[in-house]
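Undergrad: Spelled out from the first residue to the last, the chains are:
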Amino acid sequence: MELKSKCPTGPIETRWEKYKFDLKLVNPANKRKFNVIMVGSGLAGGSAAASMAELGYNVKCFCFQDSPRRAHSIAAQGGINAAKNYQNDGDSIFRLFYDTVKGGDFRARESNVYRLAQISVNIIDQCVAQGVPFAREYGGTLANRSFGGAQVSRTFYARGQTGQQLLIGAYQALERQIGMGKVQMYPRTEMLDLIVIDGKARGIVVRNLVTGKVESHVADAVVLGTGGYGNVFYLSTNAKGSNCTAIWRAYKRGAAMANPCFTQIHPTCIPVSGDYQSKLTLMSESLRNDGRIWVPIKKGDKRPPSQIPESERDYYLERRYPSFGNLVPRDVASRAAKAVCDEGRGVGSGLGVYLDFADAISRLGKQGVKERYSNLFEMYERITGEDPYSVPMRIYPAIHYTMGGLWVDYNLMTTVPGLYSIGEANFSDHGANRLGASALMQGLADGYFVLPYTIGDYLATTKLEKVSTDHPAVRQAEAGVAKRTKQFLDAKGKRTVASFHRELGKLVWDECGMARNEAGLKRALTRIPELREEFWKNVNVLGHGEELNQALENAGRVADFLEFGELMCMDALNRQESCGGHFREEFQTPDGEALRNDEQYSYAAAWEFAGPDKAPILNKEPLTFDYVHPSQRSYK
Amino acid sequence: MKLTLHIWRQKNAGQPGHMAVYNVTASEHMSFLEMLDVLNEELTSKGEEPVAFDHDCREGICGSCGFMINGIAHGPQRGTTVCQLHMRKFKDGDVLYLEPWRARAFPVIRDLVVDRSAFDRIIASGGFITAPTGSGPDGNAIPVPKTNADLAMDAAACIGCGACVAACPNAAAALFTGAKISHLGLLPQGQPEREQRVLSMVATVKEEMFGSCTNIGECEAVCPKEIKLEVIARMNRDYLRASWTTRGEAAREDGI
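Note that the protein sequences, when read in sequence, are chains Y and L.
Numbering-wise (the working numbering), the first sequence opens with residue 1 and increments by one.
Numbering-wise (the working numbering), the second sequence opens with residue 1001 and increments by one.
Possibly wrong hints are sitting among the right ones.
Said to hold, decoys possible - Pairs of lysine-lysine residues, derived as BS3-like cross-links and limited to a Cα-Cα distance of at most 27 Å, are as follows:
#1 Y:LYS366 x Y:LYS182
#2 Y:LYS537 x Y:LYS6
#3 Y:LYS6 x Y:LYS213
#4 Y:LYS366 x L:LYS1089
#5 Y:LYS492 x L:LYS1011
#6 Y:LYS494 x L:LYS1002
#7 L:LYS1089 x Y:LYS483
#8 L:LYS1046 x Y:LYS483
#9 Y:LYS370 x L:LYS1146
#10 Y:LYS252 x Y:LYS20
Because the hints were derived from the structure by calculation, they are not lab data.
All chains, full assembly: derive it from the sequences and hints.
TA: So, in structure tokens, the structure goes:
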């Protein structure tokens, strides 16, 4: 497979502008002759569906939730970055670009990231115009805060619900188009296969989750905005329904999967409390601005925190990183927490560290702390039953975001012509580590301002034969889906779908989580195929296919995670370096920091499906850096 | 802790439902939905079909979950969705009755799952600001007084879960619709369409067979985002004004 990134050259400031001009346009009168399928309705999918319909295309939009407003973008708390420089603190498009490339540990494309930084300013304008209630200063201007260790205040926010408000903005724009008949919305409908005809993506096979009916839709192009694959770990901050099925089906139809081992672990989540736990809850990163993180110096110290004197506490982030202290980036903070817990100094169940506000309370008063964090403190108390004003919070890292995803070129097109991937579902802009408040920016950049331009070029320049749902390729894909459904229902085994998912999650968390090594990855690569085999023989899915059947839905998703997890471990094994969220224990500096290997691994790893029982093929897209020169990240 | 659950079981919209009794052992640290997960695992192992319920983020923000617990939408804890409700709020030996949202506009799909797509149609009929992609001026070109921005945000916090409708003896959608009308109507960007918005959204509410609001206030009491009744007052004020001031085809077409 040949990877053509189509990245423009020349001065980086004008690349996107020039490229846009060179893209072919579709005549306004012809736009209504084209049909586009949008899978997913989050920030990327919702904004893309609305924007394409505004341009005149006929759009069909699909989501598995009961309404497009429920997509998991809604749960993002912190904010959205934009290089507006409203605070006059020296921010610029170049600075946002620079921070993102560096924060991604030099594993993203410069051209893409620069475009993202340029577009960031348009996103804010768009969202304000839609009525997103961003936080304001008394003079009526937009408020900003700093976030995730950035040295400028460029984060726009709507209380702790920025994702919700941005999604509602996109959802309302989408509903407007639905009301006008330009978008046909299919909620409670899940994509189960991609239809490829003459080498081009021409449609999808879906299951109506209410009636169970399997049907197909054909179109001139297909866009996947189906989010990340964090739920391969079972416990994550993702929604329960978040899954990799759409991107995995696309992979098996020829779309390359890039850098699946780049997964982000968020340092401040509420720890696991028992085996029944169904998901993990994030506590906003902003808590680290005032909370101090510590564990007891002594191993296995079971005293309550109030009885551990100051001299017997280890404020390990402040000790190891005196200049950044508790504010080191996510990957560094997460690994440090794991290290102290591995030493046997974790608190609670052993997998937790304290986030202590006692100093902040004595400095700001209880009221002062309340003003800043009351929502988060209430949420913590609701979940744990402990009062964080009097007892330190317990936190532990959890899977939060996945930087890897379908490989896309500068047009956001995958290696299957006519198949696009946007938002978290693609791999493009965050490299090996995403900065805080950048996910919302990327999802909306792709959906509002990149895809609507680039998809036109494809439609204008590609000869697309008329196809119908009677095409043999459609029938064949539908038969495949029906066969799989029957297999789940006929297995009549002993174990529930969730028990397999939990076992897979624990396995990849242990061997391919915060720290990875060759032996562990090899263990996982032996164990995952065994587990998969057992799943197909011994899974227990009751009921039938022609009804609302949540166990059947989950079975399909878990079956795909069981395949995806293997590729993730393969990628982690192949990448013999540590960078961003990917930490290989064999590759670290003497003081335990990530050690990149730019000479051999400065590339995006794009895995190509070679057949059911064959090893996938590794394709490499080399990365070059003309503006931001790779250096070792240091937060000491 | 041991609990007795009476749960509404209904195979699909076309068949009658019934209450079924289950016993379940739970830990006080579980969330309510995790307790149902445990029940479902047990049922599946015994060869009985699990209870269907809607849920997704389990962080109280997506609005997917929700059902009645002993007659209260989202259960006994104020300002909390059922996914964020924890078992420590219950006692050993409690008997709980779980039923789906009951409203004509929200037909039951299965067990505790209902069809809330009427909410989407209300939004599609006017719950937006027309601002096609790329048409916005610079973000700071539209100053918004902080008080208005904060009030708009209070209203925009609605998660569209439907608890307000389920709690209302009239099954009215006034809190939901009023929240959107307030969010957009409080902002300068929302002014050009303010009157048309309220007229068409209210017309859609009627078409979707929601009941009328009689100011009872059950909606506010159960709203997990604690949206205030004042949004209904704003809606009524806007509606009254728009009914008087809007002339021409737009108003008549909606049959108002």
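Undergrad: Run the distance test for Y:LYS370 versus L:LYS1146: straight-line Cα separation, threshold 27 Å.
TA: holds, 20 Å
Undergrad: Has the given pair, Y:LYS6 with Y:LYS213, been kept, meaning a C-alpha gap of at most 27 Å?
TA: violated, 40 Å
Undergrad: Please verify whether Y:LYS492 and L:LYS1011 have alpha carbons no more than 27 Å apart.
TA: holds, 21 Å
Undergrad: Holds or violated: are the alpha carbons of Y:LYS366 and Y:LYS182 at most 27 Å from each other?
TA: Violated - the C-alpha atoms of Y:LYS182 and Y:LYS366 are around 52 Å apart, more than 27 Å.
Undergrad: Starting from L:LYS1089, check that the Cα of Y:LYS483 is at most 27 Å away, please.
TA: violated, 45 Å
Undergrad: Assess, step by step, whether the Cα of Y:LYS252 is no farther than 27 Å from the Cα of Y:LYS20, and give holds or violated.
TA: violated, 31 Å
Undergrad: Verify the proposed pairing of Y:LYS494 with L:LYS1002, using a straight-line Cα cut of 27 Å.
TA: Roughly 25 Å separates the two Cα atoms, so the pair holds.
Undergrad: Between Y:LYS537 and Y:LYS6, does the CA-CA distance stay at or below 27 Å?
TA: Given pair Y:LYS537, Y:LYS6 is violated - Cα atoms ~45 Å apart, limit 27 Å.
Undergrad: Need the status of pair Y:LYS366, L:LYS1089: alpha-carbon distance at most 27 Å?
TA: Holds. Y:LYS366 to L:LYS1089 sits at ~26 Å (cutoff 27 Å).
Undergrad: Starting from L:LYS1046, check that the Cα of Y:LYS483 is at most 27 Å away, please.
TA: Distance of about 26 Å is within 27 Å: holds.
Consistency with the previously given hints fails for numbers 1, 2, 3, 7, 10, ordered from lowest to highest.
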